[in-house]
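Enquirer: Residues 124 to 502 in our numbering are what the sequence shown spells out, letter by letter.
Read the hints as simulated data drawn from the structure, not as lab findings.
Keep in mind the model is a prediction, meaning the values are calculated, not measured.
Fair warning: there could be bad hints in the mix.
Said to hold, decoys possible - Dumping the calculated EDC-like pairs for lysine to aspartate or glutamate here, alpha-carbon to alpha-carbon at most 20 Å:
hint, residue 1, residue 2
1, K330, D281
2, K169, D216
3, K469, D455
4, K369, D334
5, K330, D287
6, K330, D360
7, K137, D234
8, K137, D287
9, K137, E249
10, K137, D209
11, K169, D212
12, K169, D320
13, K369, D287
Said to hold, decoys possible - Derived DEER-like restraints, expressed as beta-carbon distance ranges:
hint, residue 1, residue 2, range
14, D366, G252, 30 to 40 Å
15, L341, P420, 49 to 59 Å
16, D366, A128, 38 to 48 Å
17, D209, D366, 46 to 56 Å
The beta carbon of each residue, even a glycine, is placed where N, CA and C say it ideally should be.
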Amino acid sequence: LLARAGIETVVLEKHADFLRDFRGDTIHPSTLEIMGELGWLDAFLKLPHQEIHDIGLEIAGRHVPIADFSHLPLRCRFVAMMPQWDFLDFLADRGSALPAFRLRRRSEAVDVLVDGARVTGVRTQEPQGIATVHADLVVAADGRHSRLRAAAGLAVRDLGAPMDVLWLRLPRHATDPAAVLGHVAAGHLLVLINRGDYWQCAFVVPKGGYDAVRGAGLEAFRATLVRTAPLLAGRVDGLDSWDSVKVLSVAVDRLESWCRPGLLCIGDAAHAMSPIGGVGINLAIQDAVAAARILAPALRQGAPDIATLRRVEARRRWPTQATQRLQILAQDRVIAPILAGAGSGKLPLPLRLLQRFPVLRRIPARLLGMGFRPEHMAG
């Protein structure tokens, strides 16, 4: 977006490509709306993807609907599931057509350059050694373990998370349900995300619980998967190594301040989100759209002052905090009771309400699909 505004923009990517497995692959309706505003939607939707129109849980044989996206006031009333490398390649291709855009691969930002109190660029690790990149503004979008925010001395507030997630793949049959399904049984929660010919599976465990799962053995883990989601019977035999299981250590945190002179953090670097709803990517993209809109006029004049950076933070802090509050509420009121064994008995109250009153399913759909403050190219 900055390059489209004529501002010289250098993006640093530490890897040679974007092929990272088990990244979040959700493209939310509000992100698809941005693609439409950019004039890219038709081309984007030609890429292989699955469309998720509703989300539900299977609890002890009962189907509990959670979210219905069909009522959203947007062009695309669904979540698109697409490998993140395809999404990033699409953006990189669009960027490469812009004279002001440059993508440097195998270039990892490892430290900040400073002049007095101001960040003036970054030090990078390149294949040939250490290099420097000078800039009027550094935007740190290097994730929840951001090296740049640490190097800049920005304080992080940990909000707590009672769970971790084990990611794995299992075969999907053409006759399987199309929607995202959460399966609850005997104190376990397993989310199955439709990826065409396979399920991307998220098995939720208590915080630090992976060692206990692994200690019980792979055969016990396979049996637990089938007990939790019976449709997986006959499909877990291919899970023959713990190397096929990736551990996501869930964190919910945010920076006390997202910026200092010459540096702005966005996305997970500013606020790590729970995987609940897959909204972390959506929040990061909304941050980026708001930041580009606010920063572009100032960057045309040179280095933006700290007041301009704080405008970005002020714009995005409230939707971040509101989303994190909801995620923590879901962790405490839904996820924690399920992991404690509530799935075999009475449904948590929020789920009972969603089951009884269909109109309420529009609320989580709007919160998941659009968020609290959807951003647009203008305004």
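Enquirer: Hint by hint, say whether it matches the structure.
Expert: Hints, verified against the model:
1. K330 - D281: holds (14 Å)
2. K169 - D216: holds (15 Å)
3. K469 - D455: holds (16 Å)
4. K369 - D334: OK: K369 and D334 at ~12 Å, within 20 Å.
5. K330 - D287: holds (5 Å)
6. K330 - D360: Between K330 and D360 the Cα gap is close to 27 Å, so the pair fails against 20 Å, i.e. violated.
7. K137 - D234: holds (13 Å)
8. K137 - D287: violated (26 Å)
9. K137 - E249: It holds: about 8 Å lies between the C-alpha atoms, which stays within 20 Å.
10. K137 - D209: holds (17 Å)
11. K169 - D212: holds (14 Å)
12. K169 - D320: Answer holds: K169 to D320 is near 18 Å, not above 20 Å.
13. K369 - D287: The hint holds at about 11 Å.
14. D366 - G252: 30 to 40 Å: holds (32 Å)
15. L341 - P420: 49 to 59 Å: Because 57 Å falls inside the window, the suggested range holds.
16. D366 - A128: 38 to 48 Å: holds (45 Å)
17. D209 - D366: 46 to 56 Å: violated (24 Å)
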